[in-house]
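Participant: Protein chains in written order, with full-length UniProt numbering: chain D, 1 to 250; chain X, 1 to 102.
Keep in mind that the hints were calculated from the coordinates and are not lab data.
Treat the hints with care, since some could be wrong.
[Said to hold, decoys possible] Straight-line distance between alpha carbons at most 35 Å, and here's what the computed DSBU-like set of lysine-lysine pairs gives: (1) X:Lys-29 to X:Lys-100; (2) D:Lys-28 to X:Lys-11; (3) X:Lys-11 to D:Lys-129; (4) X:Lys-29 to D:Lys-126; (5) X:Lys-100 to X:Lys-75; (6) D:Lys-28 to X:Lys-29; (7) D:Lys-155 to X:Lys-11; (8) X:Lys-100 to X:Lys-85; (9) D:Lys-28 to D:Lys-155; (10) D:Lys-126 to D:Lys-4; (11) D:Lys-129 to D:Lys-4; (12) X:Lys-29 to D:Lys-129; (13) X:Lys-29 to X:Lys-75; (14) X:Lys-100 to D:Lys-129; (15) X:Lys-11 to X:Lys-29; (16) X:Lys-85 to X:Lys-29; (17) D:Lys-129 to D:Lys-28; (18) D:Lys-129 to D:Lys-155; (19) D:Lys-126 to D:Lys-28.
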Amino acid sequence: MDAKVNYLLRLGDNALILSQQLSRLCGKGPALEEDMALSNVALDLLGQTRLWYEYAAELEGAGRDEDRLAYHRDAHDFKNCLLLEQPNGNYADTMMRQFYFDTWHYFLIAGLTHSSDERIAAIAEKSLKEVTYHLRRSGDLVVRMGDGTDISHAKTQAAADALWMYSGEVFGYDAVDQAMVEAGIAPPADQLRTQWLAHVAEIFAEATLVMPPQDAWMQSGGKQGRHTEHLGFILAEMQFLQRAYPNAQW
Amino acid sequence: MSTQLSTQTSKEWPLWEVFIRSQHGLAHKHVGSLHAPDAEMAVNNARDVYTRRNEGVSIWVVRAADIVASSPSDKGALFEPANSKVYRHPTFFPMPEEVKNL
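Between the sequences and the hints, there should be enough to build the whole structure, so can you do that?
Facilitator: Now the structure itself:
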């Protein structure tokens, strides 16, 4: 598969799976205002998914559209990072997953605004405002929960530790990433990693959280279609109607 | 609204009143209220609940407890004397087209 199509699908899949996860919390937020915010973030990410898919489908030229890409691919065709398919858990788990992702996503999207591919740069430009807000919000909540009560601190630290092994995959560097960086389309992974570590360290310090060791084992495979056991269930729920009534107009 | 209740029970977040000036609006308008633990989160929440993050808007939040309202029973004394004095209202002049928003 063309490297650029592959790269675009990775961007789209990350946003789609996280959007789906957040949508499941609709009506279940800890407060009305948090509920609205979660849905807002989910909608932002879904909008971004559509832009990435649209471009990927165009480049691919195989007659697939955004719906086809979202609803007619199985788990091994999805290229999202494993972090995003992890369960919502408690609110600390949800927000820590969000914070790890948002930090990477923000620096990535900021980098992509300088992409040599004009269309990618334009999508990144549009997404940057949303992503900036996401990062501000999830960082703020991590500080509030980490530096809150003893219980909220313990839960936030537990979430930080549990999700840590999935936080490094985004910086993985395979042939697709390399082709994108060499073409000036994507920012270099090590630069993103440096920015990511600096921001996470800053927020964790403010949140009185201990940052897990940087050389810890990092699980990967999502980008290559090797997923945790969670993704199959997410897709079964998400794709049910299109699977039951393929190509129905809606 | 359970304004009284929410300020009395410590576990409930306090109530905030939200005022928003829209992109082309001239003044902040009261748009509603929400609960938030502090001012910063009240602003964030107001963005999500009331503006859907439109650009160019300004948000004010103020604790509901800090607002003093006039009493409905004082309505007569406060407002009615104005009604009988038409000369207080500049309604006898045609306004020039160029003068907007007066």
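Participant: With reference to the structure, classify each hint as holding or not holding.
Facilitator: Right, here's what the structure says about each hint:
1. X:Lys-29 to X:Lys-100: 19 Å, holds
2. D:Lys-28 to X:Lys-11: 19 Å, holds
3. X:Lys-11 to D:Lys-129: Distance ~34 Å between Lys-11 (chain X) and Lys-129 (chain D) Cα, so the pair holds.
4. X:Lys-29 to D:Lys-126: Holds. Lys-29 (chain X) to Lys-126 (chain D) sits at ~29 Å (cutoff 35 Å).
5. X:Lys-100 to X:Lys-75: Satisfied, since the Cα-Cα distance of roughly 31 Å is no more than 35 Å.
6. D:Lys-28 to X:Lys-29: Judged against 35 Å, a Cα distance of about 30 Å means the pair holds.
7. D:Lys-155 to X:Lys-11: Judged against 35 Å, a Cα distance of about 20 Å means the pair holds.
8. X:Lys-100 to X:Lys-85: At roughly 25 Å apart (the allowed maximum being 35 Å), Lys-85 (chain X) and Lys-100 (chain X) satisfy the hint.
9. D:Lys-28 to D:Lys-155: Holds - the C-alpha atoms of Lys-155 (chain D) and Lys-28 (chain D) are around 18 Å apart, at most 35 Å.
10. D:Lys-126 to D:Lys-4: Within the cut-off at roughly 20 Å; holds.
11. D:Lys-129 to D:Lys-4: Holds: Lys-129 (chain D) and Lys-4 (chain D) sit about 24 Å apart, inside 35 Å.
12. X:Lys-29 to D:Lys-129: 25 Å, holds
13. X:Lys-29 to X:Lys-75: Judged against 35 Å, a Cα distance of about 22 Å means the pair holds.
14. X:Lys-100 to D:Lys-129: 34 Å, holds
15. X:Lys-11 to X:Lys-29: 29 Å, holds
16. X:Lys-85 to X:Lys-29: 28 Å, holds
17. D:Lys-129 to D:Lys-28: 26 Å, holds
18. D:Lys-129 to D:Lys-155: 30 Å, holds
19. D:Lys-126 to D:Lys-28: Holds, because 29 Å separates the two Cα atoms, which is no more than 35 Å.
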